[in-house]
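*Asks:* Could you build all of it, start to finish, from the sequences and the hints given here?
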Amino acid sequence: MAYITGSVKGTQDTLPAESFKIQYIESAMRETAENFGYREMRTPVFEHTELFQRGVGETTDVVQKEMYTFEDKGGRSVTLRPEGTAGAVRAFLEHGLFNEALPEKIYYLTSCYRYEKPQAGRLREFHQFGIECFGAGTPAADAEVISLAHEIFNYLGIKNLSLEINSIGCPECRKEYHRALKEYFEGYKEELCQTCNSRLERNPMRILDCKSPVCSKIAEGAPVILDYLCEDCRAHFEGVKKLLDAMEIEYSVNSRIVRGLDYYTRTVFEFVSSEIGAQGTVCGGGRYDGLIEEMGGSPLPACGFALGLERLLLLMEKQQSEFPEPKKCDLYIASMGENALCRAAALAKELRSEGLCVQFDTVGRSLKAQMKYADKIGALYTVALGDDEIESGNITLKNMNSKSRHEMSLSDFADNFQSIIIKDAMSDFESLGLDDIDLQSILGGAE
RNA sequence: GUGGGUAUAGCUUAGUUGGUUAAAGCGCCAGUUUGUGGCACUGGAGACCGUCGGUUCGAAUCCGACUAUCCACCCCA
15 MAYITGSVKG
25 TQDTLPAESF
35 KIQYIESAMR
45 ETAENFGYRE
55 MRTPVFEHTE
65 LFQRGVGETT
75 DVVQKEMYTF
85 EDKGGRSVTL
95 RPEGTAGAVR
105 AFLEHGLFNE
115 ALPEKIYYLT
125 SCYRYEKPQA
135 GRLREFHQFG
145 IECFGAGTPA
155 ADAEVISLAH
165 EIFNYLGIKN
175 LSLEINSIGC
185 PECRKEYHRA
195 LKEYFEGYKE
205 ELCQTCNSRL
215 ERNPMRILDC
225 KSPVCSKIAE
235 GAPVILDYLC
245 EDCRAHFEGV
255 KKLLDAMEIE
265 YSVNSRIVRG
275 LDYYTRTVFE
285 FVSSEIGAQG
295 TVCGGGRYDG
305 LIEEMGGSPL
315 PACGFALGLE
325 RLLLLMEKQQ
335 SEFPEPKKCD
345 LYIASMGENA
355 LCRAAALAKE
365 LRSEGLCVQF
375 DTVGRSLKAQ
385 MKYADKIGAL
395 YTVALGDDEI
405 ESGNITLKNM
415 NSKSRHEMSL
425 SDFADNFQSI
435 IIKDAMSDFE
445 SLGLDDIDLQ
455 SILGGAE
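Quick note: the first sequence uses this note's numbering, first residue 15, plus one each step.
Keep in mind that the hints are not guaranteed to be accurate.
Once the Cα atoms are required to be at most 20 Å apart in a straight line, the calculated PhoX-like pairs of lysine-lysine come out as [what the hints assert, rightly or not]:
1. Lys196 x Lys173
2. Lys35 x Lys332
3. Lys386 x Lys417
Each pair of labels, with its calculated beta carbon distance range [unchecked claim]:
4. Thr19 x Glu368: 38 to 48 Å
5. Arg90 x Glu308: 42 to 52 Å
6. Lys23 x Cys356: 41 to 51 Å
If you're looking for bench data, these hints aren't it; they were derived computationally from the structure. Note that CB positions come from ideal geometry on N, CA and C, so glycine has one too.
*Replies:* So, in structure tokens, the structure goes:
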């Protein structure tokens, strides 16, 4: 490691050999979201710090200890976004999108930043795909949002993901519940772990989520939020479940699901995997009916989710999912000599304009080395170009997989490469023993 | 922020109770008679053994600190 520095802690490079996987995941998300009528929104990586303080919630861990906050040269306090919703809401309000036909359905695919200690499935720079549905307050919106996530996992062929849902009610019924919870846990104050004791004051609902065997045992007997929901919240939750049933989306109600961001109301849900370590929540979301008003807009219901790309990729690799092979080199032109190189460059230019991937030597290697390179990059076809070919006007096209070679004139080749490879793919030259096939007839037949 | 594991070429690792020029496989580059890849063979480049300090005649090896990384807690996607 004599290099001046490595990457920053908690960051990751996506190398060329791997990038096609994440591209595939992203395209699955874009395509699915667009089928649901969502459109992309892009917002800046950094925002005024107070946006997140207000939006995410002053008391949350994310805001209190995980934000990348700094002062810019103009003395503004800015923060790298720790999540996507706050910025989306800001842009929604700032550009008056509430005046457009509602619901406004947007998605984003962006990097997020949290100063945390890295571990499996957790990075300081990570990427989220998220959707927000602004202006829809019925259970149908919650169910649609959930089914969109469900559809993405389906598209990607992901197995063993469990959907867990809960309702944490509106601020009204939650108040009642908090009181009951506190009362219950006060009775076990001596036995609860240290962190849970501190949670007792700050956010008693978090105790339900504690992994310590003692606490979780105690939590088993705790009051359940669902018993405290007001009439409206209860009806809403029932509505969501009914719709999920109708769409045949499997779920389990888990009254311990509590989300760590302050803005959630009513429906909350997570898609959880047990295959990628402790950070098993691949996707989390819910309803946040109070957020838009909190940020200064008129009251407007909304819901959405965020999905962690790195966690999803981790899971897919664990499950040995198939990723479509990235496009390989269609043709490699091996050249010898200056004249041939010029000819190769011109030919490559011409064929590339037809949408083909064409490469030639740019490091001055021997013919043999060029062939070796063509093999390594997985070129489908190669053609050698030297003084002989230029003089005679004839070249030999080689299929790298079948090893079959076909002679033809350079001009026919340049004009018809696409049809030649289509023809070649359709009829198996090898098995037909047609190594000396008359290419002119193929060219004619391919027109 | 708190624990625990790990740190040797681009990658995966070996390195005997401390003992000279730190080893292998893969990968990379080049050759094996001059213009055709995969196989085989030959050769080559590439490591201040994470960093700094200590013990010692002598440290990749023992000790300490730091850093990085992995895993877990907290919390979240």
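*Asks:* None of the hints should be skipped; say for each whether it holds.
*Replies:* Hint-by-hint comparison with the structure:
no., hint, result
1, Lys196 x Lys173, "violated, 38 Å"
2, Lys35 x Lys332, "holds, 13 Å"
3, Lys386 x Lys417, "holds, 14 Å"
4, Thr19 x Glu368: 38 to 48 Å, "holds, 43 Å"
5, Arg90 x Glu308: 42 to 52 Å, "violated, 22 Å"
6, Lys23 x Cys356: 41 to 51 Å, "holds, 49 Å"
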